[in-house]
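Undergrad: Since each chain comes alone in its own frame, lean on the hints to assemble the complex.
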Amino acid sequence: GAVVSQHPSRVICKSGTSVKIECRSLDFQATTMFWYRQFPKQSLMLMATSNEGSKATYEQGVEKDKFLINHASLTLSTLTVTSAHPEDSSFYICSSIGAGRTDTQYFGPGTRLTVL
Amino acid sequence: GENVEQHPSTLSVQEGDSAVIKCTYSDSASNYFPWYKQELGKRPQLIIDIRSNVGEKKDQRIAVTLNKTAKHFSLHITETQPEDSAVYFCAASTGNQFYFGTGTSLTVIP
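From first to last, the protein sequence lines stand for chains L and S.
The first sequence: position 44 = 44 (my numbering), numbered continuously.
The second sequence: position 80 = 80 (my numbering), numbered continuously.
Simulated from the structure, these hints should not be mistaken for lab results.
There may be inaccurate statements among the hints.
Just the calculated beta-carbon pair ranges, DEER-fashion [what the hints assert, rightly or not]:
id : chain 1 : residue 1 : chain 2 : residue 2 : range
1  : L       : Ser73     : S       : Lys58     : 35 to 41 angstroms
2  : S       : Lys68     : L       : Leu116    : 46 to 52 angstroms
3  : L       : Ser54     : S       : Lys71     : 28 to 34 angstroms
4  : L       : Asn51     : S       : Pro110    : 42 to 48 angstroms
5  : L       : Ala72     : S       : Ser18     : 34 to 40 angstroms
6  : S       : Asn53     : L       : Gln29     : 25 to 31 angstroms
Quick caveat: nothing in here was measured; it's all calculated off a predicted structure.
For each residue, glycine too, the CB sits at the ideal point set by N, CA and C.
In isolation and in its complexed conformation, chain S is listed as follows (with noise of 0.2 angstroms):
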């Protein structure tokens, strides 16, 4: 089945910078992958996707890259604030099932 690493589990930035979470996998038939903003005790929200036929993209201050030949993604999220602070996930999914990343745990520091 499908393996997701997520790295780092724990990043602190100050405020204003930029913080970047990086994901590999390894099933290549992955093709829809989805980062999640999660708050303490509360459900994932979808922040971001991308797809296999796309190489980036952005979202305001978000941005997520995909590089398929390397089975890594990325996101990025410039001008941080003390909102952004929270565990982000990533996920890889082939349409039918989700494997998620084992999170990472952002503070912004203000």
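Looking at chain L on its own, in the form it has when it is part of the complex (with noise of 0.2 angstroms):
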């Protein structure tokens, strides 16, 4: 299957910093990407989808100032979380539907974020 990249693995950092967490497709255009957050134990709740080129479309509840996110080109995918308190503390979870499918999401292999 398709191959999506995600950078860094884990990340700890202090309260009110912004965090960036990149997703490559390595293989394959994507067109759409999907950021997911998972919290312990508990199921994937989308955050955003994100086409290339334009602005992200965010699911209700989901602050868009505040998890910035940025769909540049094909293969990359960007979000920041930005002033990062513990409650932000998450596995964040991105995927891409590549060019030509509708369907099957490929994922990453997700980004642990700890916030003291």
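TA: Below is the structure:
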């Protein structure tokens, strides 16, 4: 299957700082990328849908000014958690859908964010 | 928006027995229903999927059934093995977005 990488895999930061997470599709063009948040022992919560070259579509309740998403190319999307607080600590996972496909999504390995 | 419910939340079975996980969805426009297996701290892995024009699909020990009228779909694992232990998520999609069920923690007891 397609390969999606995510960087960093783990990050620990101080409260008030910003953290950028990168999601890359390594062997296909990802026209659409999704960002999910997952709390321990809970399901994946869709945060936003990111289409290359356009603004991300955020799910209800997700603050767009706090979770900045940029999808500048067909292989890279970034999620920036601005002014992070301890309650932002979570597992963040991206996924990609390839050009010409409207269903099968490929997940990145996830990023464990811990805000002190 | 779409609402996906999943049951049970936890499931324990003896090795060799079958396991069934059920999901319901609310949006009749959903037409793609994947199932994912997620081990602790790792990414979800697609194990099987079904589209709305099909009622059943099977891949070795894993099968999925879909009832569009009732808006529910189920995952069936036969001859369970300890390595099947994981959290399983169903999802429903219209093609533009994916909505996940709450997950089922499956434990296969050797």
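Undergrad: Which hint numbers doesn't this structure obey?
TA: 5
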